[in-house]
Each structure stands twice: as structure tokens, then as C-alpha cells.
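If you read the protein sequences in the order shown, they are chains Y and P.
Each residue of the first sequence is one higher than the one before, counting from 44 in my numbering.
Each residue of the second sequence is one higher than the one before, counting from 44 in my numbering.
One copy or two, it doesn't matter: identical chains are merged, so the pair holds either way.
Taking lysine-lysine and the BS3-like style, the derived pairs with C-alpha atoms no more than 27 Å apart in a straight line are:
#1 K210 <-> K160
#2 K254 <-> K162
#3 K210 <-> K254
#4 K162 <-> K210
#5 K210 <-> K163
Derived by calculation from the structure, the hints in this document are not laboratory data.
Given next are the chains, with one letter for each unit.
There are 2 protein chains.
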Amino acid sequence: VILDAIASALRPIGTLTGRHILVTSGPTHEPIDPVRYLANRSSGRQGHAIAASLSRLGARVTLVSGPVALEDPAGIATIHVETAREMRDAVRNALPADAAVFCAAVADWHAETALQKIKKNGAAPNLQLVENPDILREVSRLDEQRPRLVIGFAAETENLIENARRKRARKGCDWIVANLVGTASDVMGGMENEVTLVTENDIEPWPRAGKSAIAEHLAARIAEALA
Amino acid sequence: VILDAIASALRPIGTLTGRHILVTSGPTHEPIDPVRYLANRSSGRQGHAIAASLSRLGARVTLVSGPVALEDPAGIATIHVETAREMRDAVRNALPADAAVFCAAVADWHAETALQKIKKNGAAPNLQLVENPDILREVSRLDEQRPRLVIGFAAETENLIENARRKRARKGCDWIVANLVGTASDVMGGMENEVTLVTENDIEPWPRAGKSAIAEHLAARIAEALA
Chain Y
44 VILDAIASAL
54 RPIGTLTGRH
64 ILVTSGPTHE
74 PIDPVRYLAN
84 RSSGRQGHAI
94 AASLSRLGAR
104 VTLVSGPVAL
114 EDPAGIATIH
124 VETAREMRDA
134 VRNALPADAA
144 VFCAAVADWH
154 AETALQKIKK
164 NGAAPNLQLV
174 ENPDILREVS
184 RLDEQRPRLV
194 IGFAAETENL
204 IENARRKRAR
214 KGCDWIVANL
224 VGTASDVMGG
234 MENEVTLVTE
244 NDIEPWPRAG
254 KSAIAEHLAA
264 RIAEALA
Chain P
44 VILDAIASAL
54 RPIGTLTGRH
64 ILVTSGPTHE
74 PIDPVRYLAN
84 RSSGRQGHAI
94 AASLSRLGAR
104 VTLVSGPVAL
114 EDPAGIATIH
124 VETAREMRDA
134 VRNALPADAA
144 VFCAAVADWH
154 AETALQKIKK
164 NGAAPNLQLV
174 ENPDILREVS
184 RLDEQRPRLV
194 IGFAAETENL
204 IENARRKRAR
214 KGCDWIVANL
224 VGTASDVMGG
234 MENEVTLVTE
244 NDIEPWPRAG
254 KSAIAEHLAA
264 RIAEALA
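Just chain Y, same shape as in the assembly (with noise of 0.2 Å):
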């Protein structure tokens, strides 16, 4: 505790030395049966970026990465994982961390799991999907293990600010950073992002911009929260 206490007055704001944050990245795939999966269009590149810029201000930091067809980061602890179930595993095997950032898509569904590939005969099937263990809300309602700032993402067709905002208070985390995706968007998979970031008090639409900007202008407002 005193060593701690010496630790954080000789941080100097901004920087993240002596932290432990959590990052999670890109889609789950949930097998539907052993050649067919549910997924979604997320590349993982925020997310990545993200860990990225949190671990060059100085964070040790643990990313549970989905299937991606990126890089695991340099010098970043990565776990990688399929599905919704095996992320949850991974974060909370991860935990205790300062922060923790739930920047995947998680799929909200997975399909009761055929084990022999499903035939083509006549009739389409009917996929009854099951829900996946909901990660952000787990962990914003930890008691002990809970990171001191938790941060979840909402990538949104419509309505964006007021679905961020009941989002916010659904999950009990304290950060949303919220973002418009849809077809006629080119965010999700792609280079650039534009997103709000929404906070107990505030509603802070940030320009658009890279996804390495949007990374290091979250990762500098993180250091400033754990200052």
C-alpha cells in the first residue's frame, strides 16, 4: 500500500505505468454446426489500436481478441477466443484490472450447436438462438473485482445518443463511447470511426477521425481518469 501510494505520486498524469487494463476486440462466431457460424462485421481494428495506445502510455494490458485477421499488438498479452462464452472466460480469468475497455462485438446470440453438419433437405430451417452471456454488464456489477473504470462500446443503426445513454445505465458501466453503423456507413470494418463519448454528465460528440486517433485521444482520456 505504501509502495502504491509512492508509486501513484510519482506518476506523472497522464501516463499509465503500474496499471493492468483489459481490452476486449473484434466479432465472436458462434457455431451453428461444425462448417457454419453466426458473426459480425467487426475487424477488430479499433479495439486493437486501443490496446495499443494504452500499453505506449505505459498500461500493462491484457486483450481478449475474437477472430481476427490482424497482428496480435507487440509486447500486448493477447488471448484469443471464438465465442461469446469463451471471451466472458477470458476476461474474468483476466481481472483484477484498473480499467477495462469491452470495445468487441460480442454476439448477443449463439444457435443450439448441431454436431453433424445440418443437410439441405426440402425445408429451410428455423435457428432458435439462445442468449450469450452479456460480459460489460458482469463486469460493471462485480463487487470486488470490479476495475475502477469500466467502459463499453455501442455501435448503434439509429437513435444514437439515447440508445447510448439507456446502455450506460442498462449495464452499470460508466463510460459508453457510441458509434452510427449501418450500410450506408463505412465504420465497422473499416478505417476511420466517429464517435460520442457518453459519461455520467456528459455527452461529448468527438470529429471524426482514424481509428489510431480515436485510440490515442481514449487511452490519454483513461490516464487522466486514473490519475
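Add chain P to chain Y, keeping to what the hints say.
Same frame as chain Y, now just chain P:
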């Protein structure tokens, strides 16, 4: 016709100079809503390797590829598509061809697409699936534009030969390249493959090999068949 006859007489057996061959490769992605989709585990490695092998034997190759993390093969006209319906249109536009190799893992079904992101509000949704066009069957049953040699692929998790023979008859194609996939197998998405070639009169199990060796072997067999 006379020039064709001369060209044909001058063509060494085992080369494909002057032939046009269509190859499909990779998975298809079928949107569920603006951010989610149905997919399958095809990496495109086998189809892309076949396109490259055919090109090395002198064929003009048109490659119709679903979303993959691979580079377009050098010197091959590559058409990128996302859904089964887009792949069908690209295939039809690429005809006529002397041979067609349908290596893509085309989704059997697509979902009725939602215009806005489906919200998570209590009950998990039921995805009603709708049958996709059957590209292999359609092309196999074309009248004038049917390629002389139509080759399909069958990824099966059980009863490999029996399912492949039935598929060959049902689709009306000439050959089926059958392989066993499943959670215990690393073929789909992996670097190696173990296939059985099912023709009208033969069942030929090929030894397990790298996907490029399988591609070389198949390209040589196609060259023989078209000679």
C-alpha cells in the same frame, strides 16, 4: 473452327493454353442485419490454390471469391462477392467456360434481412432461413452454356462417399471432390486436405497432402480431361 482445330492439335497434352476455366472459392457471408451475418469456415485456400495451378498450366482463369483474408492470385481475374446470390450472378456473367470448379463453400441459406440492427429485448429471436440459389446445380443443368467439365466440392461430416455420390447425381455435375470436415478435423480453414475424387465410374481416394499439392493434381486431371 479451323483455327480451333489447329490450336487443339498443337496443344501438348496436359496444358490448358487457350482454355477458360471458372473457379469459385471462399465462403459466402449472408447478412442478418446491418452488423450480423451467417458465415462458414472456408478460408479460400483450396480454391485459390486451384485457380493458381490452372493458371500455371496456361488456362485463362476467372476466380469468383467470397470474403477471404487472401491476396488475389497474381495474373488471375478475380471477382469479389459477398453473398450466394452475388456469387451466382458473377458465375453466370463469367460463362462461357471450358470447365468450372465450384470450390466455394456457398451458404445453403440466407436470412430475411432486417433493415435496422435487431435489438436485444428479452426474447431471443428466431431466424427464419430462406434457401439460396444452388449454383452448382444450375450450371450443371445449363443447356448451351454448360461447361464441358463441371466439378463440385462436398464437405461432409459423415458418410463421405455415399453423400458425395448422391450429391453428384442430384446436382448433375461431372466430378465431386469430397472431403471430411468437422470439429475433429483441421481441413476447413487449415493448410492440408484429404479428398476423394468421385467421377461417374470411379471413387479415387487421394493421399492427404498440402492444399497446393491437391490443387496441382486436380489441375493436371482437368487438363487431361479437356485434352
